[in-house]
Amino acid sequence: SDVTLSFGLRSWQLGRRLMGVISSRPHIPRVFAQYLVGLAAGHCRVKSTLASAEDEEVSMSALEHRFRLFSSLEYDGQLYMTPLDFIESVTMSEPKKKRFWRSLKKQDLDKILSDAPPVWKGSSRMFRNLRERGVVSYTEYLFLLCILTKPHAGFKIAFKMFDADGNEMVDKREFMVVRLVLLLFIINMSVRMLKDKFLSFWDVLRHGARIVLFSDLMEVQVSSSLQNVTDTTLLVHFFGRKGKSELNFDDFYRFMDNLQTEVLEIEFLSYSKGMTTISEEDFARILLRYTTVENITGYLENVRQSIPDEKGITFEEFRTFFQFLNNLEDFTIAMQLYNYANRPIGQDEFARAVYVATCLKLTRHLVNTVFKIFDVDHDDQLSYKEFIGIMKDRLHRGSWGYKGEERFTSFKACMKKELTAK
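In the UniProt record's numbering, the protein residues as written are 1 to 422.
No lab work stands behind these hints, which were simulated from the structure alone. A couple of the hints might just be wrong.
Listed below are the simulated DSS-like cross-link pairs for lysine-lysine, each with C-alpha atoms no more than 30 Å apart in a straight line [what the hints assert, rightly or not]: (1) 96 x 111; (2) 105 x 242; (3) 111 x 273; (4) 311 x 244; (5) 160 x 361; (6) 385 x 372; (7) 244 x 273; (8) 156 x 244; (9) 121 x 105; (10) 244 x 121; (11) 273 x 96; (12) 98 x 111; (13) 361 x 273; (14) 372 x 156; (15) 111 x 121; (16) 106 x 244; (17) 242 x 273; (18) 273 x 156; (19) 105 x 160; (20) 311 x 111.
If you're wondering where the values come from, they're calculated on a predicted model, not measured in any experiment.
Start from the sequences, fold in the hints, and give me the full structure.
Written out as structure tokens, the structure reads:
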């Protein structure tokens, strides 16, 4: 059953011990650790509902481990990714080479930030163009992962989450507050809640913002903390070097769309070998790449036998299918309305449900290819439950490619252990 945690330790001394626990994780911003100390000292109280039992170990390991594994920069005690690190983290199962954290000085950081393009110069090659000339914080890493699984129809909702005062513009302070909310609720979210219910990070963000953005907490603690935050490439890109610019919806939409396109282009190009299409077998390989499917060779064999004459999948088909995956929740509802959820379905029924749910038209060849991949019985029917299960896994990239999870104790268990040891 759900348990309610109440942060509110009775003394500043206990708060400082809490600071020590948090600071042992160098990817968590110091400003956020200071913010938690404020909570611990009793300046304000936050209640967070968890889906795990009181002493259950809650693993952030897939996210934490992956960020640490791919990050290559360190500044002022915090870890950062380069744009190239981020791209590799979402397109590769492990780094190309062993990472060694390179320490930056203030002048190094300033030089890197000077290369950040203004938002109106953004493109679907921005991360590739910047390569190692950029810094991405842990909270931004979480934010960027959110974007990759966000349907286009939800971009406006996402923008409104940041636009706290409703003026159709997002300033730096509004953006930073929501970043902190995201980190707070990711830290306190059970992996079971993320895995079993397939909650997206945007679900976490929406519920978190409901509690934090419209409470005194933002004014009491966050305002002063944000003054000390370290600038990053994304902050400079959105809000300028002085942090005075504001972000409108068109720029925000373009950034999210460009990021999704860039990651898909990189995956597509890694298989196309300079051609305009990828093989149906490679399409299957990409679909199954970050899932927990064990017998991938069996699925690939299905494709070889069922599509002997290769026609190829174009990038537009490839992109459309992944836009569909980002709308998987709406597709699931459509399937239930059509009463398809409890029985195998044919290609026409599948294509119709996709269009009703997402307004996306999948080509007949693309639908046929999907069926050949997942039609294990060779009856030209698709097992809805099996397909949905595998695709949800792929959508979240199998916890972003890291399957050998290390177990970290939960925030609460870590705090309790630290306090009782003193």
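Given hint residue 156 paired with residue 372 - CA-CA distance at most 30 Å: 36 Å, violated
Check the hint pairing residue 105 with residue 160 against an upper bound of 30 Å on the C-alpha distance. Violated. Residue 105 to residue 160 sits at ~36 Å, over the 30 Å cutoff.
Taking 30 Å as the top limit, are the C-alpha atoms of residue 242 and residue 273 close enough?
Cα-Cα ~42 Å, so violated.
>> With the threshold set at 30 Å, check whether the alpha-carbon distance from residue 273 to residue 156 stays at or below it.
In response: This hinted pair is violated, its Cα atoms lying about 36 Å apart.
- Does residue 105 lie within 30 Å of residue 121 when you go C-alpha to C-alpha? 27 Å, holds
* Asked: Do the alpha carbons of residue 311 and residue 244 lie within 30 Å of each other, as the hint requires?
  -> 51 Å, violated
Exercise for review: Measure nothing beyond the straight line between the CA atoms of residue 361 and residue 273; if it is 30 Å or shorter, mark the hint as holding.
Suggested key: 27 Å, holds
Can you confirm whether the C-alpha distance between residue 244 and residue 273 stays at or below 30 Å? Not OK: residue 244 and residue 273 at ~43 Å, beyond 30 Å, violated.
Review point. Holds or violated: are the alpha carbons of residue 160 and residue 361 at most 30 Å from each other?
Key: 28 Å, holds
*Quick one, are residue 244 and residue 121 close enough, alpha carbons at most 30 Å?*
Holds, at about 17 Å.
(request) Would you check the hint for residue 96 and residue 111, treating anything up to 30 Å between C-alpha atoms as holding? (result) 26 Å, holds
Open item on the list: Holds or violated: residue 106 and residue 244, Cα atoms, limit 30 Å.
Closed with: 21 Å, holds
Figure legend: structure checked against the earlier numbered hints; hints not met, in rising order: 3, 4, 7, 14, 17, 18, 19, 20.
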